[in-house]
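K.L.:
For reference, the chains in residue letters:
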Amino acid sequence: MGKGRYEITPDPLAVDPIVAQLADPAMGAVVTFVGVVRCETGGREVRYLEYEAYPEMAEQVLKQIADEVRGRWPEIRDVAIVHRVGRLEIGETAVVIALSAAHRGQLFDALHTAIDRVKEIAPIWKKEVWTDGEAWRSEQ
Amino acid sequence: MGKGRYEITPDPLAVDPIVAQLADPAMGAVVTFVGVVRCETGGREVRYLEYEAYPEMAEQVLKQIADEVRGRWPEIRDVAIVHRVGRLEIGETAVVIALSAAHRGQLFDALHTAIDRVKEIAPIWKKEVWTDGEAWRSEQ
Amino acid sequence: MRITVKCFASSREIVGQHELVIDVRVGATVADLRDVLFETYPRLIDLRLRFAVNAVYAAQEVELHAGDEVACIPPVGGG
Amino acid sequence: MRITVKCFASSREIVGQHELVIDVRVGATVADLRDVLFETYPRLIDLRLRFAVNAVYAAQEVELHAGDEVACIPPVGGG
Chain A
42 MGKGRYEITP
52 DPLAVDPIVA
62 QLADPAMGAV
72 VTFVGVVRCE
82 TGGREVRYLE
92 YEAYPEMAEQ
102 VLKQIADEVR
112 GRWPEIRDVA
122 IVHRVGRLEI
132 GETAVVIALS
142 AAHRGQLFDA
152 LHTAIDRVKE
162 IAPIWKKEVW
172 TDGEAWRSEQ
Chain B
42 MGKGRYEITP
52 DPLAVDPIVA
62 QLADPAMGAV
72 VTFVGVVRCE
82 TGGREVRYLE
92 YEAYPEMAEQ
102 VLKQIADEVR
112 GRWPEIRDVA
122 IVHRVGRLEI
132 GETAVVIALS
142 AAHRGQLFDA
152 LHTAIDRVKE
162 IAPIWKKEVW
172 TDGEAWRSEQ
Chain C
129 MRITVKCFAS
139 SREIVGQHEL
149 VIDVRVGATV
159 ADLRDVLFET
169 YPRLIDLRLR
179 FAVNAVYAAQ
189 EVELHAGDEV
199 ACIPPVGGG
Chain D
129 MRITVKCFAS
139 SREIVGQHEL
149 VIDVRVGATV
159 ADLRDVLFET
169 YPRLIDLRLR
179 FAVNAVYAAQ
189 EVELHAGDEV
199 ACIPPVGGG
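Chains as they are written, first to last, in this note's numbering: chain A, 42 to 181; chain B, 42 to 181; chain C, 129 to 207; chain D, 129 to 207.
Among the hints, erroneous ones may be present.
[Unchecked claim] Taking lysine to any residue pairs in the SDA-like style, the calculated list, with each CA pair at most 25 angstroms apart, reads:
#, chain 1, residue 1, chain 2, residue 2
1, B, Lys104, B, Thr172
2, B, Lys160, C, Ala187
3, A, Lys104, D, Gln145
4, B, Lys104, B, Ser179
5, A, Lys160, B, Ala61
Calculated from the structure, these hints are not laboratory results.
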């Protein structure tokens, strides 16, 4: 319990290996959030995204987010947050968050909070490259 | 949008192929619920589970659950619910639910509702085989 | 008229088989079929069974037709 | 004393490089370093920058030490 995984990687992301990593015999439920590159943003056609991170800090912040979530919902057994960086095409996965517990209980609220916090505080940046320009974008 | 997938299968389940099946260029977020066989239930040690379904009806009911969820949260783009049957060992996946949307928005509440409804109405039964006995179990 | 009855999980174990063919009078309802089943297999009475007709949950007063498939639905436990 | 400054995303593009080494007086704070950066690269002023010291978010009044690594953190956009 609590092996965790908090990682910034240039490699393509898959959900099953991350879920497998959380496995323990008392785990009965896993929820995941998968963030995917969309073809459109604010009415503009996206060609691709470019993600950049401050990896040493980002991995610490992802772990901090996991600690926040587990502090607030103690029934959470384990948390993994993996974020990709580099150029990502439409349909590619930018982030995977996985939370495990014995029972489904509070997993849904915890998952919602985890992705909100990643977007709020993790030092990761996204440049949108449109057909007619580009910009660094934030939800803040 | 709305290709859907509602299936009862004896085969092992993986998350990534189900997420991939929901993919469309305007999809930005997917959430999944993965139900896993636990080693323990109500203080009893579980040896394995035996799932049984009425497949023709169960697949219709899974589609009905997806329609309910999409009716209540219209921003949901697509839904997949796949449930395994047969003998499942500790750590094996019994059910995968995946919901996609353009943005994360209401995905978390919708996912919570979807798994609750599967447990409530899908004609699928679970026999727990403990070290000291067995019984058909329901949350109802 | 002949009705196919499908039994699952605990009801299948009590009946001893997955499928039965039962004769009921024309105009019989789900409740009438249920009473036949309860008479033949009294242990079904404790199961809190619901019934489906042709793969759709059906109330006790639903009228059956020749060739219908009725399913015994003990409390479900998916997920 | 020498401070390493790491720049990311829009701040990296404005500065033109990922890493700077900047000399500040002993006892200088994050705010002092920020002012040096703003004087040299005035376009940073519009970015709503936050700062991290040794990979932890730091308030403006935090005092720096020789060898610290300060990061310019424009509004983040992960996920």
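K.L.:
Now, for every hint given, state plainly whether the structure supports it.
P.N.:
Hints, verified against the model:
Taking the CA atoms of Lys104 (chain B) and Thr172 (chain B), the gap is about 36 angstroms. The hint is violated against a cut of 25 angstroms. Among the hinted pairs, Lys160 (chain B) with Ala187 (chain C) is consistent with the structure: their alpha-carbon atoms are about 20 angstroms apart, no more than 25 angstroms. Note on Lys104 (chain A) and Gln145 (chain D): the hinted pairing is violated, with a Cα-Cα distance of about 28 angstroms set against a maximum of 25 angstroms. For the hint pairing Lys104 (chain B) with Ser179 (chain B), the CA-to-CA distance comes to about 21 angstroms; that is within 25 angstroms, so the pair holds.
With a C-alpha separation of about 23 angstroms, the suggested pairing of Lys160 (chain A) with Ala61 (chain B) holds against the 25 angstroms cut-off.
In terms of the numbered hints stated before, the structure departs from hints 1 and 3, listed from lowest to highest.
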